[in-house]
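Peer 1: Sequences and hints are given; from them, build the entire structure.
Chains A, B and C, in that order, give the protein sequences. FYI, the numbering for the first sequence is 1 to 267, going by my numbering. FYI, the numbering for the second sequence is 1 to 251, going by my numbering. FYI, the numbering for the third sequence is 1 to 596, going by my numbering.
It is worth saying that the hints were derived from the structure and are not from the lab. Among the hints, erroneous ones may be present.
[As the list claims (entries may be wrong)] Distance windows between CB atoms, simulated:
#, chain 1, residue 1, chain 2, residue 2, range
1, A, H36, C, K501, 28 to 38 Å
2, A, L93, C, T453, 34 to 44 Å
3, B, L17, C, G149, 15 to 25 Å
All residues carry an ideal CB built from backbone N, CA and C; glycine is no exception.
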Amino acid sequence: MAKFVAVTLIAIAIGSAIPILLHIWMPPADISTHGHLIDAQMADTMVEAGICFIAAQLILAVFIWLAASRPSGYKIRNFPGGSFVLVLAAFFLVGTEVLALGFFGTKAWANIYFTPPSADSLPVQVQAGQFAFYFRYPGPDGKFGPIHPEMINEANQNLFGIDVDHDQDAKDDIVTAEMGVPANKEVHLLMHSKDVGHSFYVRELRIQQDFVPGLDLSLHFTATKTGRYEIVCTQLCGLGHYNMKAYLNVMSPTDYDSWIKQQAALQ
Amino acid sequence: MSVPVRHRAVIFFCALLTFVAGSVMFSQYKVKAAALSGSSISGIVRLEGTAPHQRPIDMSKEPSCALMHKANLVTTESVVAGPDGGLKNVVVYISQGWTGPAQASTASPILDQKGCQYIPHVMAVNAGQPFKVLNSDQTSHNVHPMPAPGGANQEWNKSQSPGAQPIVSSWNGEEVAIHVKCNIHPWMSGYIAVVKGPYSITNQKGAFRIENIPPGDYTLSAWQETYGTQTQKVTVAAGKPATVNFAFKAK
Amino acid sequence: MHDVSSHVGHHAPPQGFFRKYVFSLDHKVIGKQYYGLGLLAVLIGMVLSWLMRIHLIAPNATIPGLKWLSSTGAPGGVMTPEYYLQLMTMHGTLMVFFVLTTVPLAGFGNYFLPIQIGAEDMAFPRFNMMSFWATFVGFCVLIAAFFVGDGPPLSGWTAYAPLSVLAGAGPGQAMGQTLWAVSIAIFCIGQLLGSLNFITTTLDLRTKGMMLMRMPLSTWAWFITSCIGLLAFAVLLPACILLILDRVAGTSFFVPSHLVISDQVISNHSGGSPLLWQHLFWFFGHPEVYIAILPAIGIVSHILINSYRRPLLSHRVVIYSMIAIGFLSYMVWGHHMFVSGMSPYSAVVFSFPTLAITIPATLITLIWIGSLYGAKLEVTSASLFALGFVSMFVTGGLSGFFLAQPSIDVYLHGTYFVVGHFHMVMGVAAIFGMFAGTYFWAPKMFGRMMSETLGKVHFWCTFVGAYCIFMPFHYLGLAGNVRRYSAFVDDYLQPLLPAHKFITFAALFTGAAQLIFLYNLVRSRFAGPPADENPWHGTSLEWATSSPPPWDNFGGRAPVVYHDPYQYGIEASSGDYVMQNSPEQIQTVREDKSLL
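Peer 2: Written as structure tokens, this is what we have:
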């Protein structure tokens with residue numbers, strides 16, 4: 001029986017490693033400027049965790065195999081070095097390894113959160129609300145009109161509650177259901193929630209940030225590859241959570257210009 | 001040959017039954033005849049001025065619905081006015097003077113969700129009259145009617161999967177009108193007006209027609225989701241169709 | 001060192017049916033009551049998980065019988081998206097609170113802690129009874145949520161505000177959510193009473209010779225867990241009260257102003273912070289996961305030692321590691337909130353203790369594995385599940401390496417990677433600990449042996465099955481599969497559906513295999529072969545009394561302890577072990593003066 005357990009452990013260890021080694025289910029290709037640091041961190045962690053995983057399951061399997069088939073009269077022996085060696089291993093092998101991962105990983109984190117957006121980034125407001133994302137561009141005046149929550153009327157498509165009749169800054173705002181951005185231009189995402197908690201997640205961009213009702217949060221990124229990507233909600237927000245998404249279109253600068261003009265005409 | 005006594009009794013009772021049944025049927029016929037002799041009220045509801053701009057709806061978050069509208073532009077429906085000002089989706093009903101049954105019809109009107117829109121955009125029912133909600137789309141919707149709080153009608157919110165059985169519901173009290181939303185598809189908007197007696201909803205041309213109105217004095221109301229309600233008094237004479245027109249002013 | 005007080009914990013033998021079996025003051029009955037409650041909760045929780053998994057692979061399918069549970073949640077037997085989330089919320093709540101916190105700690109702990117320290121009962125038998133019945137009432141209030149208007153809440157076991165505050169935010173968020181909050185608040189009270197009892201009993205009621213370092217590792221684990229729980233539940237209780245106040249009394253601890261739901265402005269709340277709920281909840285929630293796993297760590301250690309026929313390489317290191325885990329568990333809660341909108345600087349601050357907590361956890365694991373070197377291995381159902389625990393704990397713990405780093409968490413947060421991580425390291429591992437404890441201690445609790453054959457079949461099905469279910473979750477997470485979705489409609493999720501089908505079938509198979517365990521448990525309870533005092537040749541005090549023990553545990557004569565708890569692998573008159581209360585002088589395996 002113990003031998004079967006040992007073999008099963010080894011099979012599980014190897015079997016679990018195979019999809020990783022074959023890259024069967026992996027993050028999609030990174031289209032951001034900051035994502036490579038995250039991917040590097042992920043790869044390092046995968047190697048270290050993978051080695052620990054295979055080693056631990058393998059050693060456990062071998063020890064089980066040996067321990068269950070002792071001859072009678074067998075005298076118990078100690079692991080060489082006893083607990084002292086294991087304490088050293090835990091602190092210096094595993095401990096320093098994980099703390100090193102943490103330490104070097106701060107660079108990837110800092111890149112996203114501790115660097116402010118550049119002055120010429122494109123500001124885009126995104127509002128998350130049960131159960132859709134809507135986007136607002138400031139228009140030629142570069143300013144967003146104020147939001148009047150009591151004016152929000154989804155049936156009439158006044159999604160942000162803006163008052164084009166009375167607020168000068170709101171007159172040229174462009175509200176869209178898809179997020180269009182030009183490639184290779186930094187986008188400054190200004191996030192707020194209309195109702196409950198939501199989250200903004202684009203796998204290819206390697207960004208994820210919760211919306212917190214009552215808080216104006218922001219994120220910035222630069223997309224490097226044109227294409228159509230999904231923005232999905234990752235914070236449980238109610239019955240429609242599974243169907244809360246929008247498309248991100250990363251376009252060439254000329255395509256983006258014609259798109260934003262087209263959207264302005266539809267307001 | 002003489003008829004035995006008990007046979008005579010049977011024949012007599014059959015004749016009596018026939019007479020009674022016939023009278024009842026005849027009297028019904030008389031009532032129906034009176035009803036059929038009731039008149040109709042028809043007219044046109046118009047918008048004076050320019051209709052407010054209807055904004056296009058982008059359904060890209062729901063690809064199966066967006067696909068259905070590739071060829072045509074879908075817009076909001078807060079004011080749907082024809083080229084000559086005819087206002088669609090106006091509920092016309094008798095707000096005062098109706099003495100007939102509160103439930104004017106036994107039909108079960110259908111509210112369908114198709115192409116991520118409510119079809120029809122505006123419907124009317126009587127209190128207690130069952131209506132069915134269908135989902136003809138490939139996506140789930142949640143049907144969320146929001147009657148005014150504190151009234152006879154309760155808010156509810158039910159999901160409906162594609163091809164699920166119809167949701168059958170009814171309203172307790174009159175209310176003009178209950179807004180229906182889908183939270184999953186925030187642009188979806190419909191109205192259910194719960195009225196007493198007969199009703200009609202204007203078509204593309206703004207035309208309405210209410211049939212079988214007994215002669216009398218009535219107040220006719222027309223409700224439009226943006227402009228609210230207008231009323232007019234109308235007298236219906238036997239055999240003479242009445243015409244009432246409404247005009248809403250664009251702001 | 002304290003002598004046994006002759007008054008604390010002492011009570012007369014129970015008379016009458018109700019005093020003996022229902023409102024019992026006897027910690028052994030209470031322990032079994034907790035176990036039974038946990039068993040009921042895990043069965044319900046497991047059925048809920050089947051319903052969830054079936055819906056995920058067939059969202060429009062008619063599930064037989066479901067319309068009888070809820071005609072609004074599943075009209076015609078087709079589960080609605082909201083009902084999926086409602087079942088998911090109840091699954092999580094039942095499993096975390098009424099299974100993982102209840103069985104290993106309140107179930108086994110209540111039964112065996114007094115016995116393992118040589119006491120007659122807990123320090124406060126009345127508190128003990130009250131804490132079980134409070135837990136039971138909490139359970140009933142939670143189950144009641146299935147049967148009210150719109151059904152149970154849909155905000156997850158984490159109940160984030162404002163979703164959990166605003167009744168209009170979804171079906172189930174009215175009465176169902178209030179019942180949830182009340183249920184958990186009552187549960188907290190039961191836990192706080194339990195913690196007070198365990199701590200006092202451990203410190204004050206140890207028998208003569210039972211120095212702290214002579215307590216078995218299971219007792220140490222229950223003691224440390226109770227210390228953690230005292231502070232953790234003391235924070236969850238007011239958090240639930242604040243949530244209830246926001247819902248019914250017009251306060252706004254967690255809800256800011258100007259929220260708009262269904263085009264209507266929420267005008268009766270302002271000034272609150274949703275992040276406050278998250279901080280309060282996770283300040284409890286992170287220690288809670290250690291409350292869920294530490295007793296299992298203690299139980300598994302206890303069983304492994306018995307199966308290895310040798311003590312661990314260092315008893316003290318394991319104890320200090322458990323204490324370190326308990327201490328560090330209070331410093332890491334923000335790792336649930338890396339992308340929550342809290343200050344990104346605090347993310348860095350929280351990630352370091354999170355990574356550091358790897359060290360004591362690794363140490364304990366290395367000691368388990370290292371102690372197996374050169375040891376024997378008695379293969380029993382109990383030891384198989386204990387070894388399975390080690391494997392699961394390693395796997396689940398390693399996925400934590402990824403999540404502990406904020407930069408990687410940016411990608412993996414809110415995906416199935418997280419779900420796989422906590423199910424393996426906390427859910428499955430703790431369940432394995434519970435199974436190991438059951439197979440090990442059922443002979444003592446019921447006086448009858450369980451079938452070893454059935455136990456081994458159960459182990460194989462569960463071990464392989466659990467890996468088949470939860471290992472794929474990690475791959476799905478790497479592919480970005482978002483969690484808490486009731487259906488997978490997004491474009492990028494379509495290629496992942498076959499993996500989900502595999503998982504669902506594995507889950508149904510593994511679930512069905514649990515019937516073997518249930519059958520074994522029930523059958524042996526009534527018809528198993530009688531168990532003697534010490535079927536596993538164990539050294540600790542629970543094996544020094546009859547199976548089951550008499551009402552006062554030791555027949556009126558408190559044991560005296562002469563030895564460390566794990567004197568195995570020695571030459572003694574009874575074999576390769578000497579019991580703690582045996583006055584026999586032997587060459588001890590470990591000197592008391594060890595490295596640390």
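Peer 1: Just pull the numbers of the violated hints for me, sorted ascending.
Peer 2: 3
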